[in-house]
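Participant: Residue-level listing of the chains:
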Amino acid sequence: MKVPYSTQYIPPAPILTLTLQLPDDNKTVGPIKAIVDTGADATLVPVGYLRELGATIWDEAYLRSQWGERRRIFTYLLDIRIGDYTFPGVVVVGDNQGQEMILGRTLLNQLILLLDGPQVTLRILTQLPHHLE
Amino acid sequence: MLSPYVIETLKPLVRRLTPGQRFELIRWIVNEAPSTETAPPPAEPALETSDANTLWETRISAEAALWYARSDTDRAPYLGEYVAVLKGQVVDHDPDRRALAIRIRRQYPGTPVLITEAEARQPHEFLILSPRFERMETTYESTL
Chain S
2 MKVPYSTQYI PPAPILTLTL QLPDDNKTVG PIKAIVDTGA DATLVPVGYL RELGATIWDE
62 AYLRSQWGER RRIFTYLLDI RIGDYTFPGV VVVGDNQGQE MILGRTLLNQ LILLLDGPQV
122 TLRILTQLPH HLE
Chain R
6 MLSPYVIETL KPLVRRLTPG QRFELIRWIV NEAPSTETAP PPAEPALETS DANTLWETRI
66 SAEAALWYAR SDTDRAPYLG EYVAVLKGQV VDHDPDRRAL AIRIRRQYPG TPVLITEAEA
126 RQPHEFLILS PRFERMETTY ESTL
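Protein chains in written order, with our numbering: chain S, 2 to 134; chain R, 6 to 149.
Calculated from the structure, these hints are not laboratory results. The C-beta atom is built at its ideal place from N, Cα and C for all residues, glycine as well. Where hints are given, some of them may not hold.
Examples of chain R residues toward chain S, derived with CB under 10 angstroms [stated by the list, open to error]: (1) P82; (2) G85; (3) A89; (4) H98; (5) R102; (6) I120; (7) L132.
To spell it out: a stretch of chain R is covered by chain S in this simulated footprint if at least three of its residues, at any positions, have a beta carbon under 8 angstroms from a beta carbon of chain S; those stretches are [said to hold, decoys possible]: (8) 62-71; (9) 90-97; (10) 109-119.
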């Protein structure tokens, strides 16, 4: 799977288009473009999408920036579809201020990603190239 | 890619246009129409919905505070699992958080139930280490 970077960011940023779904419901929300952010522990979803789905708050947590600012947030559990891949039961953080979805390592760590900066392209690999094994 | 809904909506409208008008419409979509690459977030919820969400959040926080205060003895039967907590009581538990969440939504619809790790003694903390530049359009472009 090969996806061009979004040029809406400067510099261009890797993004993935995905669909959100409740674990126990066929209702989906998407397509949504999400920025791929390996610096983020968590996956952030604007609360508007979560409310549209009827997603349930299950737990509370804190979100902290590298400068120590901390805010209380709430977490949800969603199935996330990216192309042919489905990731069941991903913990996501509800973002009640931003309008941008951020894919953090709770999901990214399940993927083999190739960030090809010069070609401004992200690839999801099904396996490592032989010379990297 | 346009959704089937958008295509069905546009079809009867475009049929009425002359070839010149169709060309002008395409030109406008390409050059001037706002981007629709991403499904727009829904409008802000009505006050009632917002109040309901706040109440739900408050109850989840209260359940969490009760769970964090539980003793090791209370937690021992559930170690390595996720617990579902309602009014301070464990109503279900499972090592599979997703399976637990599905059961709880079915058994307690519309009721705030905490699902957390049995070992949790405080809220989990997520780090976001990705600051952004706030780009100053004029200054930035003038330096290119």
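Participant: Can the segment 109-119 of chain R be counted as covered by chain S under the rule of three residues or more with Cβ-Cβ separation shorter than 8 angstroms?
Facilitator: holds (count 5)
Participant: Can we keep the I120/R interface hint, with Cβ of chain S closer than 10 angstroms?
Facilitator: holds, 4 angstroms
Participant: Under 8 angstroms between beta-carbons, do enough residues of the segment 62-71 of chain R, three at least, approach chain S for the coverage claim to hold?
Facilitator: Check passed, 4 qualifying residues.
Participant: Three residues or more, CB to CB closer than 8 angstroms: is that satisfied between the segment 90-97 of chain R and chain S?
Facilitator: That given contact is violated, which follows from only 0 residues of the segment 90-97 of chain R lying within Cβ reach (below 8 angstroms) of chain S.
Participant: Is the interface hint satisfied for A89/R? The criterion is a beta-carbon contact with chain S at less than 10 angstroms.
Facilitator: holds, 9 angstroms
Participant: Please check whether H98/R passes as an interface residue: C-beta within 10 angstroms of a C-beta belonging to chain S.
Facilitator: H98/R check fails; min Cβ-Cβ to chain S is 14 angstroms, beyond 10 angstroms.
Participant: Against chain S, with CB atoms and a cut of 10 angstroms, does the hint on G85/R hold up?
Facilitator: Violated. Min distance 17 angstroms.
Participant: Verify the interface restraint on R102/R: the C-beta must sit less than 10 angstroms from at least one C-beta of chain S.
Facilitator: Result: holds, 6 angstroms to nearest chain S Cβ.
Participant: Hint L132/R vs chain S: min CB-CB distance below 10 angstroms?
Facilitator: holds, 5 angstroms
Participant: Grab the minimum C-beta distance from P82/R to chain S and call the hint holds if it beats 10 angstroms, violated otherwise.
Facilitator: violated, 20 angstroms
The structure does not agree with the numbered hints 1, 2, 4 and 9 stated previously, though it agrees with the rest.
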